[in-house]
Amino acid sequence: MLLRHRDAVPAAPAPDRYSSRRVRAWSPMHSARSIIKGFALMVSIAASPAFAQDAGSGAGSAPADGVYNLLVGTYTGGKSEGLYVYRFDTKTGDATRVSVAQTVNPSYLVVSRDRRFVYAVNELPGDNGPASQRGGVSAFRFDAASGQLTFLNKVSADGNDPCYLSLSPDGKYLLAANYSVAADPGGSFSVLPVQADGQLGASVLTVHHEGSGPVKGRQDNAHVHSTVFSPDGHYLFAQDLGADKLYSYRYTADGSRGLFSPTDWRYTQEKPGTGPRHLVFGADGKHAYLTSELAATVSTFNYADGKLTQVQTISLTEPGFKGAVGAAAIHLSPDGRFLYATNRGDANEIVIFSVDPTNGHLKKIGRQSSLGKSPREFAIDPTGKWLIVGNQNSDTVYVFRRDQQSGLLEANPKRIEIGSPVDFKLVSPS
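Each residue of the sequence shown is one higher than the one before, starting from 4 at the first, in the working numbering.
Treat the hints with care, as some may be off.
[Claimed, not checked] Calculated lysine-lysine pairs in the BS3-like style (CA-CA distance at most 30 Å, straight line):
no., residue 1, residue 2
1, K82, K157
2, K417, K367
3, K82, K417
4, K82, K376
5, K274, K310
6, K310, K367
[Said to hold, decoys possible] Estimated spans, in silico, between C-beta atoms of each pair:
no., residue 1, residue 2, range
7, F154, T386, 25 to 35 Å
8, N156, N362, 39 to 49 Å
9, K310, R404, 19 to 29 Å
10, D349, T255, 38 to 48 Å
11, Q272, A148, 39 to 49 Å
12, T255, N415, 30 to 40 Å
Simulated from the structure, these hints should not be mistaken for laboratory data. For each residue, glycine too, the CB sits at the ideal point set by N, CA and C.
Throw the hints in and build the complete structure from the sequences for me.
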C-alpha cells in the first residue's frame with residue numbers, strides 16, 4: 004500500500020528549481036528565474052528492511068570458516084556475462100566461482116544490511132550510445148547461503164551512465180549517481196524508493212547539476228560520480244567531476260524539507276580541473292577523504308555538521324611522473340589505520356597512506372602495481388588480510404595479502420580471470 008503526499012519545500016533563500024520529479028542544482032545564471040515547486044513523493048508505509056549507510060558494507064557477521072561471498076560487478080561488452088558470485092576464503096585468499104546473474108554492465112553494486120538484496124547499476128548508454136537512452140538499476144534477491152542471485156526488477160536510473168549507488172541510512176531509498184557522458188541530460192542523481200520486498204520503485208526525485216570545468220572533453224558539463232551520506236545520516240554529498248564541486252544536501256526522511264534540499268552553503272568548491280570522484284568518511288566521523296580523478300590526488304577534510312573543510316591534498320604520483328593519470332577508488336582498512344587509493348592511466352597502481360589518529364591527516368607510505376590496466380575499484384576483506392583489485396582493461400583480478408601492521412601489500416598475489424572486473428562486495432553467508 005502506498006501513501007501519496009505533497010512535501011513542503013523551503014522557500015527563500017533557496018533559489019533552486021523544483022518540479023515533480025526533477026530538480027536542477029542552483030547556478031548563478033538561473034538564480035533570477037528560479038521557481039520553487041513542491042514535488043509528489045511516493046512513500047511506502049510498509050516496514051522497510053534495514054540497509055547499510057556505506058555502499059561497501061553489508062558483510063554481516065564473520066563466518067566461522069572464514070569464507071565469504073565475493074560479488075563482482077563488471078562491464079559486459081567483452082568476456083563478462085554480468086554479476087558474479089565467488090566463495091572467498093579469507094584464510095587462504097582463494098576464490099571459487101559459484102554463480103553469475105546475467106545483466107548489462109553491472110559496474111557498481113550495493114548490498115542490503117540484512118544481505119537479502121543486491122542492487123547493481125546498468126551503466127548505459129556509454130560513450131557511443133544514444134543520449135536518449137537511459138541507464139538502469141537492477142534489484143536481485145540474494146541467497147547468501149547458496150550464493151545465488153534472483154532477478155527482481157529493473158527501473159530507469161532517470162539519467163545516463165549510472166556509476167554509483169548508495170542506500171539512505173533508513174533503507175527507504177536507493178540513490179543512483181548518473182555520470183552522463185552527454186551534456187543533455189547531464190550529470191544528476193536519482194532517488195529510487197526501496198519496497199518491502201526488495202524491489203525498486205521509479206525515481207521520485209532527480210537532481211540535475213549544471214556547470215563545467217576547464218578540462219576539455221572531461222568537464223564540458225556536470226558529471227555526478229558518487230553520492231555519499233554523512234556519518235550522522237543527515238546530509239548527502241554529491242561529488243561532481245565536471246563542475247569541480249562537492250554538492251551538499253540535507254536529508255529529511257519525513258519529507259518536511261523536501262526529502263533532499265540544498266544546504267545554505269550548497270557546495271564545497273574544489274580547485275578547477277581536479278575532477279572530484281569518490282568520498283569516504285573515517286570511522287570517527289570527523290574526517291573525510293576524496294579522490295580527484297583528473298588531478299590524481301587524495302584530499303583530507305575535517306567534517307562537522309554537514310560542512311567539509313579541506314586541510315590537506317597529496318598527489319598519488321611520484322615526482323616527475325609524466326604519464327596519464329586517473330584517480331579512482333578510495334577505501335580505509337577495517338581498523339581505520341590505513342587508506343588506499345587507485346590511480347589508473349599509465350600509473351596503474353594502488354597508493355597506500357597511513358592515517359594519523361590525532362588529526363586524520365595522511366602520510367604516503369607505499370605503492371603497489373595493480374599488475375594490469377585500469378584498476379577502477381577494489382575491496383579490503385572484513386578480516387583486513389586481503390586487498391582485492393580488478394584491472395578493468397586487462398580482465399584480471401589480483402588478491403594481495405595485506406600486512407595489517409605496516410599496511411603494505413605483499414608480492415606474489417593470487418590471480419583470478421574475470422572479464423572487465425570493476426566493483427567488489429564481500430558478504431557473509433551466515
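Results for each hint:
1. K82 x K157: holds, 23 Å
2. K417 x K367: holds, 25 Å
3. K82 x K417: With Cα atoms ~20 Å apart, K82 and K417 stay inside 30 Å; holds.
4. K82 x K376: holds, 16 Å
5. K274 x K310: holds, 17 Å
6. K310 x K367: With a Cα-Cα distance of about 26 Å, the restraint between K310 and K367 holds, given a limit of 30 Å.
7. F154 x T386: 25 to 35 Å: holds, 31 Å
8. N156 x N362: 39 to 49 Å: holds, 46 Å
9. K310 x R404: 19 to 29 Å: Since the Cβ atoms of K310 and R404 sit about 39 Å apart, the hinted range of 19 to 29 Å is violated.
10. D349 x T255: 38 to 48 Å: holds, 45 Å
11. Q272 x A148: 39 to 49 Å: At 48 Å between Cβs, range holds.
12. T255 x N415: 30 to 40 Å: violated, 51 Å
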